[in-house]
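Enquirer: Sequence:
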Amino acid sequence: MDSKQVLSIFDEITKIPRESGHEELITSYLLDYAKRLGLEAKSDEIGNVVIIKEAAPGMENRPTIVLQSHSDMVCEKNEGVEHDFSKDPIRYEIENGWLIAKDTTLGADCGIGVAAQLAVLESDMKLGRIEALFTVSEETGLYGAKALKPGFITGNILINLDSEDEGELFVGCAGGEDTTARMSYVPVPVKEGRTAYSIKIAGGLGGHSGDDIDKGRANAVRLLARFLYQCSGEDFQLCSFLGGNKRNAIAREAVAVIAANEAVAGKMRGDFEAFVSDIRGEFAITDPGLYGVFEQTALPDEAMDCCFSRRLVGVLSAVAHGVLGMSADIKGLVETSTNLASVKLERPGLVRIGTSQRSSVTSERRAAADQVSAAFELAGAVVTHESEYPGWKPRMDSPLLKRCVASYEKLFGKTPVVRAIHAGLECGLFLDIYPNLDMISFGPTLRGVHAPGERLDLASLDKFVAFLQDILLNYEQ
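So the sequence shown is residues 1 to 477, counted in the UniProt record's numbering.
Since the hints were derived computationally from the structure, they do not count as laboratory data. C-beta: ideal position from N, C-alpha, C; glycine also. Among the hints, a few may not be true.
[Claimed, not checked] Distance windows between CB atoms, simulated:
(1) Q477 - Q371: 42 to 50 angstroms
(2) L345 - S86: 16 to 24 angstroms
(3) I330 - E282: 27 to 35 angstroms
(4) K102 - A459: 13 to 21 angstroms
(5) K344 - E82: 17 to 25 angstroms
(6) G349 - E45: 43 to 51 angstroms
(7) K344 - K402: 44 to 52 angstroms
(8) D370 - M326: 17 to 25 angstroms
(9) E12 - A298: 22 to 30 angstroms
(10) S86 - M326: 34 to 42 angstroms
(11) P150 - A298: 26 to 34 angstroms
(12) K402 - Y291: 47 to 55 angstroms
(13) L458 - E60: 32 to 40 angstroms
(14) E282 - K102: 21 to 29 angstroms
Throw the hints in and build the complete structure from the sequences for me.
Expert: Have a look at this one:
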């Protein structure tokens, strides 16, 4: 087993459509892989798969180790890029030591973990019993982990391969939930003599709504709402407002269509150019590619009424986004945050706003969700909460942790960083079903996950594979 083998398997995986909620083909691939290797495998009703490799001769007394990754991926692409995630393979290249997909997400989160598991299964290493667990729909609500039944796996040692910083061992994570606001309006006709204009903010770096939320990156939805709020004294009609996409990604793009007469549009265009200059200065370090476009577009038949427009723009400007609190126990760890993720037209007359909240403290997470709810309810929205999942409390006396630290020190001559992460891992849910699990999470270095330009550091992959191999070869009772 080596990194070349892992990359070869990952290359196969990049050709398989596996957007969250549509994992049928990757599930079939995994089951076929097991069949080709002559290994026992099973799948449950939601599509989770476990492949079992029995202990090698002489290794029967070793404990069963569960290796776990999720088989789905976040599917994001840059504006104007022709790519159909339901059938097109991911296009990637190697540049300066990184494996990178420039126009789409790469799917190394968590495809590289899947590939590593399969490489272990097909290797000739003399190991104890291995259970390779692959869960579905992690990115949209950890639904695969939530659906696991007792007995699907039997091991009490679990290594999650869904982390993104080589040299760091993760022993805890935040819990989370989604908060959705729906705001209804009665469409009104566009006034005569008006022209339509598209106002777009794009080019934001985006990123993971948990792991990147403390990096100060631009949220295009918030910025566009901020501009329109500044223009609330102007005589224009808001026809549409769309922005963001996935709940677990920071919004990179947002676009609104307005209808106005030529004089008002001219003033707003000038104000927008000044606004874009300002925000490019504000986000020069975090989002150097940020830009804005103000241009004429096709005139819609209908617009939002004036009162609703003000409420929508107002609440998008006012609702919390970003870090709400830092941990007092672990220096540098975000404890609580919220992400203003998306604004979509669910149907004519109904706008849906998606947000997500995270915290390593359950009461703080619920308070954050209530804070977001209160803002939306004041704006007349109907609010619902979905996809709640627990955090994973660190266990610093873990035998698995001690063995992993010793292995890393032996291989690389330095002590790994042990920490929790402000992102959702499935480990907290696993503990609900299998309370005796001893768990750890690690992986190679990934950057830009959940956004186009996602990349994998190949040097870190070499170390990740060597580390995983050493743990598996030497883990005894």
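Enquirer: Indicate, hint by hint, whether the structure satisfies it.
Expert: Hint-by-hint comparison with the structure:
1. For the pair Q477 and Q371, the beta carbons lie near 48 angstroms from each other, so the given range of 42 to 50 angstroms is met.
2. Between L345 and S86, the C-beta spacing of about 22 angstroms keeps the proposed range 16 to 24 angstroms intact.
3. At roughly 29 angstroms, the beta carbons of I330 and E282 sit within the given window of 27 to 35 angstroms.
4. Between K102 and A459 the Cβ separation comes to about 20 angstroms, which falls inside the hinted range of 13 to 21 angstroms.
5. With their beta carbons about 22 angstroms apart, K344 and E82 fall inside the hinted range of 17 to 25 angstroms.
6. Taking 43 to 51 angstroms as the suggested C-beta distance range, the pair G349 and E45 does not conform, at roughly 37 angstroms.
7. Roughly 47 angstroms separates the CB atoms of K344 and K402, a value that falls within the hinted 44 to 52 angstroms.
8. At about 20 angstroms, the CB distance of D370 to M326 agrees with the hint of 17 to 25 angstroms.
9. Between E12 and A298, the C-beta spacing of about 43 angstroms breaks the proposed range 22 to 30 angstroms.
10. As the Cβ distance of S86 to M326 is approximately 40 angstroms, the hint placing it in 34 to 42 angstroms holds.
11. The hinted range of 26 to 34 angstroms is not satisfied by P150 and A298, whose Cβ atoms lie roughly 56 angstroms apart.
12. Here the CB-CB span from K402 to Y291 is close to 50 angstroms, well matched to the stated 47 to 55 angstroms.
13. Evaluation of the 32 to 40 angstroms hint for L458 and E60 yields a pass: the beta carbon distance comes to about 36 angstroms.
14. Here the CB-CB span from E282 to K102 is close to 26 angstroms, well matched to the stated 21 to 29 angstroms.
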